[in-house]
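2 protein chains.
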Amino acid sequence: MQRSTIIVAGGIGTRMGGPIPKQFLLLKGKPLLCWTIEAFHAYDAALPIVLVLPEQQITMWRTLCIGHHFHVEHDVVAGGVERFHSVKNGLATVKHDGLVAVHDGVRPLVSVALIDRCFRAAQEHGAAIPVVPISSSVREVDGDDSRPLDRSRLRAVQTPQCFRADLLREAFGRPYDPAFTDEATLVQRGGTPVHLVDGEDRNLKVTTPMDLRVAELMLRGTGE
Amino acid sequence: MQRSTIIVAGGIGTRMGGPIPKQFLLLKGKPLLCWTIEAFHAYDAALPIVLVLPEQQITMWRTLCIGHHFHVEHDVVAGGVERFHSVKNGLATVKHDGLVAVHDGVRPLVSVALIDRCFRAAQEHGAAIPVVPISSSVREVDGDDSRPLDRSRLRAVQTPQCFRADLLREAFGRPYDPAFTDEATLVQRGGTPVHLVDGEDRNLKVTTPMDLRVAELMLRGTGE
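So the protein sequences, as listed, match chains A and B. Just so it is clear: in the first sequence, position 90 is 90 by our numbering, and no numbers are missing. Just so it is clear: in the second sequence, position 129 is 129 by our numbering, and no numbers are missing.
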């Protein structure tokens, strides 16, 4: 079954506090996005990779690729206003009816094993996403009130989120809803149950300077 | 209003993979628990501090205090089978009717400002706990099924959890329920709403070797 991956790096990176979009920050001397793209390339060197970037960052990205001698083949597509529109733009370039992974550009440490698990589960179930347990107690706020949730039933959602292409197209064919959080939610709304796959602690989302340091530690293996 | 804190360090530390209970692991050369106790001492040098430890670790703890020249005054109480019993044992030593904080021993980076916020809110509302937003999408699992939750309404719960002593005594006077997760849940069950206070990202719970490295980075300020 044909496969593609859409890597979404739409962030303008304000949370990092610097002028550099977070997907371009250096992890062990190499932009985060290079790590992310290489992870999918390591899974399958023939896998078509579509990178969705804010239009104003595309030139910077191409310059970085040259400067860092980054040669993994990938297509670059301009993103939209919100993640929804960015994924939709990426999806428009996928022409086959196989499987599509949608992955956060700022999850550079995703493993080949996890990518494989997600694709396999999507092939079997139509929709599959990686999740990990939540380590703290969680409350749900309701106005001035809040109530404890049963933590044992909660899971934090990661990417890659993998789907049969037709299901994903159908989901993104519906009008944009500002309540959009992730692709799985959209697909599930169309009636397809989402299969949960074991995620990985090291598949962290790098959104703060501290996350970047943690990613560095993970690469060094000092935290293992 | 009189105040006390109960620091619960009941973990046998198996998640760290080593023979050393995690509350004794060294953070910048000093056991985690020393940092935690010092944080409350810095908030108020006269604050009575009750440390609850598994009975078999008490001698090791006293030895560590001597070895590390740790002189902050505190009482040590033997813990019970579960956290519920440990907190209950600690609470039995608190004789006043003021405010009681219950804090995880493995949250060494709690700030004086946060301790102060929690005590003040407990004085006003009876029960107060620190919470932080959750940065990932979250699902609730129900058998083979799962559904996305509205992340904007979810909060991760931290400590110190602060209460009027009478409310906490009443809560711990009821029979043990294996569904117990934290003190706030118990108190709320008695009918007192729990006030939510802004927690802190750096108030992390150190339960893995990676957490310990992150705590070190936070102390160095390199992630700021």
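Some clues are possibly wrong.
As the list claims (entries may be wrong) - Quick list of the computed label-pair ranges, beta carbon to beta carbon:
1) B:Ser-135 x A:Lys-95: 16 to 26 Å
2) A:Val-81 x B:Asp-144: 34 to 44 Å
3) A:Lys-95 x B:Glu-82: 13 to 23 Å
4) B:Leu-26 x A:Pro-175: 54 to 64 Å
5) A:Arg-151 x B:Leu-219: 50 to 60 Å
6) B:Ser-135 x A:Glu-73: 28 to 38 Å
7) B:Glu-216 x A:Ser-152: 55 to 65 Å
8) A:Val-72 x B:Ser-135: 36 to 46 Å
9) A:Val-72 x B:Gly-191: 54 to 64 Å
10) A:Arg-151 x B:Gln-56: 41 to 51 Å
11) B:Lys-30 x A:His-69: 42 to 52 Å
12) B:Glu-82 x A:Ser-111: 57 to 67 Å
Treat the hints as calculated values from the structure; they're not laboratory data. Quantities reported herein were computed from a predicted structural model and do not represent experimental measurements. Backbone N, C-alpha and C define an ideal beta-carbon position, used for all residues, glycine too.
(request) Evaluate the given range 28 to 38 Å for the C-beta pair formed by Ser-135 (chain B) and Glu-73 (chain A). (result) The hint (28 to 38 Å, Cβ to Cβ) holds, given that Ser-135 (chain B) and Glu-73 (chain A) are roughly 32 Å apart.
(message) For the hint 57 to 67 Å, verify it against the beta carbon of Glu-82 (chain B) and that of Ser-111 (chain A).
(response) 35 Å, violated
(request) Take the C-beta atom of Lys-95 (chain A) and the C-beta atom of Glu-82 (chain B), compute their distance, and say whether it sits inside 13 to 23 Å. (result) The hinted range 13 to 23 Å is violated for Lys-95 (chain A) and Glu-82 (chain B), with Cβ atoms some 57 Å apart.
(message) Within 16 to 26 Å: is that where the Cβ-Cβ distance between Ser-135 (chain B) and Lys-95 (chain A) falls?
(response) For Ser-135 (chain B) and Lys-95 (chain A) the Cβ distance comes to about 34 Å; the hint is violated.
(message) Range first: 42 to 52 Å. Now tell me if the beta carbons of Lys-30 (chain B) and His-69 (chain A) are that far apart.
(response) 44 Å, holds
(request) Evaluate the given range 36 to 46 Å for the C-beta pair formed by Val-72 (chain A) and Ser-135 (chain B). (result) Given about 28 Å between the Cβ atoms, the range is violated.
(request) Indicate whether the distance between the beta carbons of Arg-151 (chain A) and Leu-219 (chain B) respects the range 50 to 60 Å. (result) Violated - the Cβ-Cβ distance for Arg-151 (chain A) and Leu-219 (chain B), about 28 Å, lies outside 50 to 60 Å.
(request) May I ask you to test the hint 54 to 64 Å on the CB atoms belonging to Val-72 (chain A) and Gly-191 (chain B)? (result) Hint holds: Cβ distance 60 Å, inside 54 to 64 Å.
(request) Determine whether the Cβ-Cβ distance between Leu-26 (chain B) and Pro-175 (chain A) falls within the hinted range of 54 to 64 Å. (result) For Leu-26 (chain B) and Pro-175 (chain A) the Cβ distance comes to about 56 Å; the hint holds.
(request) Kindly confirm whether 41 to 51 Å is satisfied by the beta carbon distance between Arg-151 (chain A) and Gln-56 (chain B). (result) 28 Å, violated
(request) Go ahead and decide if the range 34 to 44 Å is satisfied by the Cβ distance of Val-81 (chain A) to Asp-144 (chain B). (result) 36 Å, holds
(request) Starting from the range 55 to 65 Å, see whether the pair Glu-216 (chain B) and Ser-152 (chain A) falls in it by beta-carbon distance. (result) Once the Cβ atoms are compared, 30 Å apart, the range 55 to 65 Å for Ser-152 (chain A) and Glu-216 (chain B) is violated.
The structure fails hints 1, 3, 5, 7, 8, 10 and 12 (numbered hints given earlier, in ascending order).
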